[in-house]
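Colleague: Keeping the supplied structure of chain P fixed, place chains B and H upon it in accordance with the hints.
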Amino acid sequence: MSKQYETVIGLEVHVELATKTKIFCSCSTEFGGAPNTHTCPVCTGMPGSLPVLNKKVVEYAMAVGLATNCQITRHCKFDRKNYFYPDNPQNYQISQLYAPICRNGYVEIETENGSKKIGIHEIHMEEDAGKLIHDEWEDCSLVDYNRSGVPLIEIVSEPDMRSAEEVIAYLDKLRLIIQYLGASDCKLQEGSMRADVNLSVREVGAKEFGTRTEMKNLNSFKAIGRAIEGERARQIELLEEGKQVIQETRRWDDNKEASHAMRSKEDAQDYRYFPEPDLVPVDISEEWIEEVRSRQPELRTEKLIRYKEEFDIPEYDAKILTSSKQMADLFEAATALCGKPKKVSNWLMVETMRLLKENGQEPEDLKFSPEHLAKLVELADAGTINSTVAKEVFEHIFYEDIDPEAYVEEKGLKTVNDEGALRETIERVIAANPQSVADYKGGKEKALGFLVGQTMKEMKGKANPAMVNQILKELL
Amino acid sequence: MANIISDETMEYVGILAKLELSDAEKEAAKRDMGRMLDYIDKLNELDTSGVEPMSHVFPVSNVFREDVVENGDEHEKMLVNAPKVKDGMYQVPKTVE
Amino acid sequence: MEWMEMTAAELGKKIRAGELTAVDAAKAALEKIKEKDEELNCFVTVDEEDALARAARVQEKIESGELTGPLAGVPVAVKDNICTEGVLTTCSSKILYNFKPTYSAEAALRLEQAGMVMIGKTNMDEFAMGSTTETSFFGPTRNPWNTEHVPGGSSGGSCAAVAAGECSCALGSDTGGSIRQPSSFCGVTGLKPTYGTVSRYGLIAYGSSLDQIGPIARDVTDCALLLEAIASHDKKDSTSIARESYDFTSALKDDVKGMRIGIPRDYFGDGLDPEVAAAVRGAAEALKDRGAVVEEFDLSLVDYAIPAYYVIASAEASSNLARFDGVKYGYRAEEYEGLHNMYKKSRSEGFGEEVKRRIMLGSFVLSSGYYDAYYLKALRTKALIRQAFDRAFEKYDVILGPAAPTTAPKLGESLSDPLKMYLGDIYTISANLAGLPGICLPCGTDSQGLPIGLQLLGDCFQENKIIQAAYTYECVRGRFPLAGQQQ
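Residue numbers (this note's numbering), protein chains in the order written: chain P, 6 to 481; chain B, -4 to 92; chain H, 3 to 489.
Same shape as in the complex, but just chain P:
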């Protein structure tokens, strides 16, 4: 390859908002119901039904817009996007084209090459489609409209990214902002955050953009990385062969690590947008914007600074603690209960991260309560349990969210501080291990460790290690 190419990437990110109800009807947005149990005439496109806008959707969209430095459109409107597909019950989607709620924003990302601003072209509100299930037995598809009408925002970036690394940094940044706002849980795997990648290549130094393709069906950060590499290579190969890139939508198959065009003769891609006559415009006043702004929670950047200052947490640790809203919330809640930020941080940084990694989970998957973590910190700190026991108890907290106090009590895991009992056990250990005693007396310090270990074993790990040491030395 003689020429040098540059990849130009823009993203369309769909985020499911965390409202209780759908965007245009009062059906629940809850995940996992039996098919079509969260539907009504509105979200199944029954004739004569009409949409009414959920106010919370507008406020979440504004919150995301403000957190990404967007201008809020004062007079925003909805439009209809017309296309036929069974997951789209009205055969049009209510969306925004002509006056989207947010425009002209940016987020700042950090990569190995330093920081960079990624422009946000617009954010608009729209409704999600239903789910299609493919029935292999009867060779047909089945439609479940439970997701139909779940509110989405679509965040359209400028074509400002140049590598998969930047794309992932951008997505991560968006995810954190939106999670911190509480506007969505942003889980890629579950589809509450979805990214379509618009990608083109051009020769380094060229002024014009090349022809772009749109890649859909990217369900993980890894898939996004692979799809970008794959599409970049495919486009360069076409250009090198003197062929042209066709502007089209392609579907990524992560198992095959390849994409295919989603074109069909019946798919004209002419959406015939026009103003939605069933909904009135949304006028957003300065006061409303200020009200939403004043309710914005602390975002990650602010939290990072505060953790360092208020809790004296090192930068590296603060970054990990704030790498997800779930983790930061746990940290703050547990710290508030026990007043020991460093100890709480330690449990999260070490044991929690280890267990997450072992289980292939993300911090968003954390399920245990801050109360239980705080109690564990206090139990360990007070010497009620020793560190070995504490680790064992923590595993139970991590998996089953047990109450450590009750658990320790029930399993009899309290550290034994009873000098009489310890002395008795140690005397037995000394009697049973004359060789070690002789070694120790002969100057071998290591032998003492062995004897401590034997004592701990006898005491089923519950002995206070400091006392064991002291009594042993005394008796020897």
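Keep in mind that the hints were calculated from the coordinates and are not lab data. Computed from a prediction, not measured in an experiment: that's the story for all the values here. All C-beta atoms, glycine included, are put in the ideal place defined by N, C-alpha and C. Please note that the accuracy of each hint is not assured.
Claimed, not checked - Selected chain P positions facing chain H (Cβ under 8 Å, derived; list incomplete):
hint, residue
1, G50
2, P52
3, L55
4, V57
5, K60
6, P91
7, Q95
8, V148
9, D275
10, F279
11, L284
12, V285
13, G344
14, K348
15, N351
Modeller: Only chains B and H this time, still in chain P's reference frame:
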């Protein structure tokens, strides 16, 4: 007729509108649409420069719902009119190749 | 007088007085339907058993004092594009031949709350697209004044049923004149309210920005009563407007002294039947005699309303009717190969010619490259038309003119030339574009004995002015007969 509707246009409109016309219907539709568009072209006599397109007649805005669940499970009612149902879902010809 | 010759208000009074029961009234209506509807075909669905059961329940509530309103116990018919829970609602289309909604339109619920007894669903042009009620999948409705003639449309079934005495009053819908024009052809009184006055929830949409449900009745009083029953601010319809007042009956006053009435010269040009022109001018004279200030003026832009309307209504219809696809309800083709073929076959077999024509036109004017030239141009024209009315209503309280250029044409005359049929809506369409209220009431008959309609348009939310003017004219005119009744 100033507006001549081609076969390609008819074909395209058929894809957009999901309608399939017989040849005779197509000829009639081409003629009717051409005549209608000629008639609609009368609007070009009007100078509308500087006029804001009016989609809603009244300047009403901000009609909202509160985010409160009111609808329960009515899936049996919802499915009662469906031509084909399976496992509580609407059955359609397969959508993937 | 026979029960069914009475107005709704008269019948309601008798029911309240205990001279007859709601069940008697429903039976009288059903009897008339049996007698006449085989020929007229006003109804798509008559639900005798249910209607009688409903009437019995209403009667109980009247007797217990729970229902005391002026329309309690009165039989009413509902246009078949207004959803009624558990009762077939077809829009007179094959594509909805078996559709039984699981919900009722807000307007239908309000009829129920007023204690009215729905006796059936009336025939219409398919999806309200047409001006003759001939595009119905269930066959045309005939004009009770002369069954060789059409009743007008699209609310032809409702208007003909009222004119024939098959029901006391009915609901229609008006997107471009669909209440007023058939009222004119059938010699009944029909009112299209200001956009947003009656909830559209449950009205199967044709042109969402233009559609309004309204009353069709024997006289102005009934129209005002029925409008009072159905008008409301409905949270389920975002375009529903919270009006300051929902009192329409206080406008039933025989008084137009000092009322300023404008007659658009543009409405009396070519194409207006001289007999219609004479009758309408006669009505204007009558109002002048009663003290109104009547003068002619130039409304302007009249010729642009129809092209603008057909762009906007067809565009909205192409999108509104996309949901009829054989997936969730209604007709699905018997045989098909794959998804898109299923869509195409179901829709092509399920929709009639006129509906397909408008869907295609609407899809075209919205398609890539044409949106600005057609759709935005039409929306700009709409804005200009609204401005022309704003100027007119600075000078006048009411605009008076014909509702249609002719009386009812013969069956089969209109459909052969769609464009000509569209031109018949010239006097009614601008009210929909501008959101204005309009009423049509009979002002005479032509030499063939067919009714002629007078149309009064008011400024937005000024229903009471047109009701008052219409009521005053009615007092001069006297009772207008039912079809076939001696004058």
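Colleague: Each of the hints needs a verdict: does it hold here or not?
Modeller: Now the hints, each set against the structure:
1. A cut of 8 Å between beta carbons decides the hint on G50/P: the least distance to chain H is about 5 Å, and the hint holds.
2. Taken as an interface hint, P52/P checks out: its beta carbon lies about 4 Å from the nearest beta carbon of chain H, inside 8 Å.
3. For L55/P, the suggested interface contact is upheld, since its CB lies about 5 Å from the closest CB of chain H, less than 8 Å.
4. For the restraint placing V57/P at the interface with chain H, the shortest Cβ-Cβ distance is roughly 5 Å, inside the 8 Å limit, so the hint holds.
5. Interface hint at K60/P: violated, since its Cβ lies 12 Å from the closest Cβ of chain H, which is beyond the 8 Å cut-off.
6. For P91/P, the interface hint holds, since its Cβ comes within 8 Å of a Cβ in chain H; the closest pair sits about 6 Å apart.
7. Residue-level restraint check for Q95/P holds (minimum Cβ-Cβ distance to chain H is 5 Å; threshold 8 Å).
8. Interface restraint check: V148/P against chain H, minimum CB-CB distance 7 Å, threshold 8 Å, status holds.
9. Look at D275/P: its Cβ gets to within about 5 Å of chain H, closer than 8 Å, so that hint holds up.
10. For the restraint placing F279/P at the interface with chain H, the shortest Cβ-Cβ distance is roughly 6 Å, inside the 8 Å limit, so the hint holds.
11. With a least beta-carbon distance of about 5 Å to chain H, the hint placing L284/P at the interface is held under the 8 Å criterion.
12. Interface hint status for V285/P: upheld, as the beta-carbon distance to the closest one in chain H is roughly 5 Å, under 8 Å.
13. About 49 Å separates the beta-carbon of G344/P from the nearest beta-carbon of chain H, more than 8 Å, and the hint is not met.
14. About 53 Å separates the beta-carbon of K348/P from the nearest beta-carbon of chain H, more than 8 Å, and the hint is not met.
15. Residue-level restraint check for N351/P is violated (minimum Cβ-Cβ distance to chain H is 53 Å; threshold 8 Å).
Checked against the numbered hints above, the structure violates hints 5, 13, 14, 15; every other hint is satisfied.
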